[in-house]
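Colleague: Take a look at the letters that make up each chain.
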Amino acid sequence: MTILLPTSSAGDTEGTEVRVIEAARMSRVPGWLVILWRNGKCRIGLLMLLVFVLVAVTAPLIAPYSPREDAFAGALGPSADHWLGTTARGEDVFSQLVHGARTSLVVGLVAGTLSTAIALAVGLTAGYLRGIVDEVLSFFTNLVLVVPVLPLMVTLAAYVPVKGLGLIVVVISITGWAHGARIKRSQIITLRTRDYITAAKFAGDSTARIIVREIMPNMTSLIVVGFMGACLGAIGGEAGLAFLGLGDPQTVSWGTMLNQANTGGAMLTGQWAWLVAPGVAFASLMTALTLVNFGVDALSNPHLREN
Amino acid sequence: MRYFLRRLGFFLVTLWAAVTLNFLIPRLQPGDPAEAIVSRLAGQSQAVDPAQVEAVRKMLGTPDGNLLQQYGDYLSAVVAGDFGVSYTYFPYTVTHMIGQGLLWTVILVGVTQVVSFAVGTLLGAWAAYRRNSRVDSVITLGSTFVGTLPFFWLALLLIYVFAIGLKWFPEGGGYGGGSNPGWNWLFISDAFQHSVLPAMALLIVGPIGSIMGMRNNMVQTLGEDYARLARAKGLSRRRIALTYGARIAILPNVTGFAMALGGLLGGTLLVETIFNYPGLGRMMLEAVSSHDYPLMQALFLYITIGTLLANVLADMLYGVLDPRVRREEAV
Amino acid sequence: MALLEVRDLSVTYSPRDAAAVRAVEGVSLTIDDGEFVGLLGESGCGKSTLGSAVLRLLEKPAAVTGGSVVFDGVDITAAGEDEIRPLRWAKISTVFQSSMNSLNPVITVEAQFADTFAAHPGCLPPDVDARQRAVDLLEMVELDAGVLRRYPHELSGGMKQRVALALALALSPRFVLLDEPTTGLDVVVQRAILDRLRALQSEFGFAVLFISHDLGTVMEMADRVMVMYAGEIVEDQPAEAMMSRQLHPYTQGLLGSYADPRDAELGVDYVPGRPPNLADPPAGCRFASRCQVAVDDCSTVHPELLPATSGAARCLLVERAGGTPVDAELSGRFVAARPATLDEKPVLAVRDVAKHYRVRRRGGHTVKQAVEGVSFELRPGRVTALVGQSGSGKTTLARLITGIEQPTAGTVSFTPSDGSALDVGRLRGRRLRAYHRHAQLVFQDPFGALNPTRTLAYALTRPLRNHLGLSPGAARQRAGELLETVGLSPAAQYLDKLPHQLSGGQRQRVVVARALAPEPTLLVADEPISMLDVSIRAEIIQLLDGLVRDLGIAMLYITHDLLSARLLADEVLVLKEGRVVEEGPTLQVIRHAEHAYTKLLLDSIPNPRTGSTRRNSRAGGTAGLPAAPVIRG
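Chains as they are written, first to last, in the UniProt record's numbering: chain A, 1 to 307; chain B, 1 to 331; chain C, 1 to 633.
Derived from the structure by calculation, the hints contain no laboratory data. Please read all numbers here as calculations on a predicted model, not as lab measurements. We put the beta carbon where it would ideally sit given N, CA and C, even for glycine. Hints are supplied without guarantee of correctness; some may be wrong.
Claimed, not checked - Incomplete in silico selection of chain C near chain B, CB under 7 Å: (1) Arg88; (2) Asn101; (3) Ser102; (4) Leu103; (5) Tyr151; (6) His153; (7) Ser156; (8) Gln369.
This is chain A alone, in the form it adopts within the complex (with noise of 0.2 Å):
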């Protein structure tokens, strides 16, 4: 629906990825993993992340008990026995919020690469063809844009007869990839009219070698601010479904935690541990996600570097 906007992360991405390119020359890492770890910031952000994954890879070794595991007096206070307290259906809730890492994980990744997946898809095809492929595509774009993602994500979710992780990942993908596919499209379009596209032309290169060899390496960073872009979406979408009660109840996640804490009355009977927990484990794990986002940010626009 805009026009004219300059969209803060779509500038001219090349000078950045030398940078990345020179990092990667002096290391066996990934270059802009090099330059991420540079800013404090992000670093911060990067380890918060690491026990994340972490916790989520060895859950079953931390979590005392079994998330579903119902045999314990319900509704109890924190204690030595559990940190946190059990649920009203007598479930130890620290378990439950370890496990519920894991979940968080796996659909801010998968859900996360898929919408970014699609978004590359949409936006390089729009912005290296142009004309009426373009033009349709830029239209799905922008009406998936102007689409109020909850609601649709309900409206979705309200018909599929099977509940479950799946679905969940399968409607945050295809409601959340719009943002990422036009900040794509702008930064293909200002690339494709560079002299060394048209250079490559002159040598004789096809398109699809064109856009993965010549226009793909100037974009990694933007790829990378998009994934992260997406992920922190699909966190956050997956809980709010959950959390309206739309998930798999059977899915251990803070936003079925939240959901059952809810339901379940912990705030009359004072539960607060079963409540504060999982929103205080999702905002550590978002804030991670936005420090590591602060330094891609960064990296990718040169107006937002620190100095």
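Fit chains B and C to the known structure of chain A by using the hints.
Modeller: Okay, now just chains B and C, sitting in the frame of chain A:
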């Protein structure tokens, strides 16, 4: 003028696409959608009223019905504002039910959206004006941090602290039992009391987009040549910040305003559910959980059209504020 | 006392994630009331940074790290912003490099004048109406009052620059700093603005610091010229004296790169090499590595800017010669010489070609005739120059010839030595790709023509593998040979570099090498030197010239610059609004131009010699030395 006509054209096409999307979504599932829904209703251990089956049929057509025919019927029904009968609030029509909740949501969202935009833009401009100062750090870091908090969780905490703990505000609902809906002082003050917490929940998160957008745009415009020239001209810092910074930086934010509305409407779904607020958001959730498809579909359409309208208004405003949009005509 | 006095000024950029760069180092200069001073320097020499420091507009990460700027008795570097504000615009005003972006896009021109007056309430006499004053100012720069109601985007580049100039004079300042005021404008527009500026300056008598990389404009306009190199002033002389006797070897190289295309015989010089990295400047003279006459001491002793017979110079040799110039013995000199070539059969024939574009306008479409009825031929071993202003259809012709676009009417036919004629306008897909084996392009911008993420080896091997079908190993070997051909030697040192590790000149050599890779018959060079520093332009011209003659390539050389056309081309076509208005052998077209437009183009070229006659007549013939014959160039 051409710009405005083009925007209007885009609005109409998008509107049509949204209506069509709404038509297609229920038909995406395999088999006969109406049959699937009827059987699901039947499985819900409630007696299926024949009139409800009729309503489902009316909405989704017969299995052998021509899709194009259905589409035509659907379009004319939408144009007439006829969305059929609600399953849950039988025999009320969907349109009637939406009428019940519309005003609640429009007031709640309208007020919080405008306040969010105003507060956000001001804070963002202030941060940019004092960029790299303590004020800037507090505003940017603060809004970043608040932005990471799950918003429905904040709403729960608000209830926990202000309604259950301090008992300053009611826990939920749109108005108390003591007042009757109408234009009387008792009701209005009561409704206001009830809307404070939901509004707060929306207002905590609402301005963040505007803050960050405004700050980053303005930092950028203040670094442009025209702002440098304004400094060289000896204009005061405040004057530069207003005419050369904020005046230009606010333009992309106007478009952001409409985008934010989509998010806010999503937010009302959560907020109204948590606060049991009698608006469209809660109604939609109830429609979903009780498989009231006609109501849900109509609500989705209403919400989408609302966002579209806001977008079109924002685009029009943009056209008025930015002389450069006329550039399109010259090319 | 001098109006502006800069003492020992240093400016340092300290970015967070890179080494600090001292962009301006110990600069001292003075400008008197009414004086017109030029500051000449190439890209990255610190001239614009110096300008920003004088205006106190430096922004992080740049900061003054030493010295002072005193204007009219006020120390600008030490005073608070509130003390400086009354000085701004009322006494010191400026016109920026890119006026395209120096006007506020969302307010009208009138509002930009109004806020200037409003910021300085005392500066406008109470009986003068602000609007009337704005109208008068616009009249001074030959714009009508209607411009007041317009927004910047509704004005052309030249008009915007005129508005910026009118704005700069709004409060009758005593000093105006002009930072590349005509860069990016057409020669004809530039000529009009420079003439206007000159008239206004002699009428109002404000002092000017004119910063530019363009030798011609600076030498023509200024009374006194300072030359900046690698953050330092290396020479300071009256323009007359500098024209006749340059002190510093670098200045000799710079002035050697200029010549009047109408001269009967001409040659230009260039200075090989590139400026030092200012993050780690050399201990001795900063020019030593490029200097042909440098002695051992030059690389260890840092010279001072010392008075010479006329003006001052920063050179050990000048110092030791008692302030007299030394002969720089420039190594690179390119002399325009057109060997008589055999009349070979043309490889490319353009006949009656037209290209029309549909342009969307208010209420419908209009047709823009980008090119109309153009015919010419290109022959092996010969260069045809296509000369014209921007928008004259030069680039459209290049696109038609290379098959990127198809002509609306007429034909472009290509006849390889061993085959039958191809209709270029009909080639698509694979056949177009095959045609590009024969027809290659050299681009204007050396920074945009190479993919920043790809090594030189990649860029050079692609055409070799696609067009010539070489194996990866053979292609790499051949890529190395190509680099040697364009003078990047030893090739092994360059093959795995990324473009940003090269200087602009080196990149342009790589671009040429890539165009040569498929052994083309036809080369289209679109302004290949206009983005390069003047001191190295002749170097690339020499390279192109040698390749065309040695390899027997037919070349179309597209340019707005008549000097380079004169140096390189056998024939010249002058293009105006899509039509050829004059054509013929280079010498004839340039020395005996017949069409009024060709004459206008020729007259628009900044000319240091007209500058000297102007200065003499203004000063009653007393200032400076009499215009002596030019030694070099």
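Colleague: Answer holds if the nearest beta-carbon of chain B is closer than 7 Å to that of serine 156/C; otherwise answer violated.
Modeller: Because about 12 Å separates serine 156/C from the closest Cβ in chain B, which is outside the 7 Å limit, the hint is violated.
Colleague: Hold the hint about leucine 103/C up to the distance rule: shortest CB distance to chain B must be less than 7 Å.
Modeller: Holds. Min distance 6 Å.
Colleague: Closer than 7 Å between Cβ atoms is the bar; does asparagine 101/C clear it against chain B? Give me holds or violated.
Modeller: Since the shortest Cβ distance to chain B is 4 Å, the answer is holds.
Colleague: Any CB of chain B closer than 7 Å to the CB of glutamine 369/C?
Modeller: violated, 17 Å
Colleague: Classify the hint on arginine 88/C as holds or violated, based on whether any CB of chain B lies nearer than 7 Å to its CB.
Modeller: holds, 3 Å
Colleague: Verify the interface restraint on serine 102/C: the C-beta must sit less than 7 Å from at least one C-beta of chain B.
Modeller: holds, 4 Å
Colleague: Can we keep the tyrosine 151/C interface hint, with Cβ of chain B closer than 7 Å?
Modeller: Holds, about 4 Å.
Colleague: Hold the hint about histidine 153/C up to the distance rule: shortest CB distance to chain B must be less than 7 Å.
Modeller: holds, 5 Å
Taken one by one, the earlier hints fail for this structure at numbers 7, 8, listed in ascending order.
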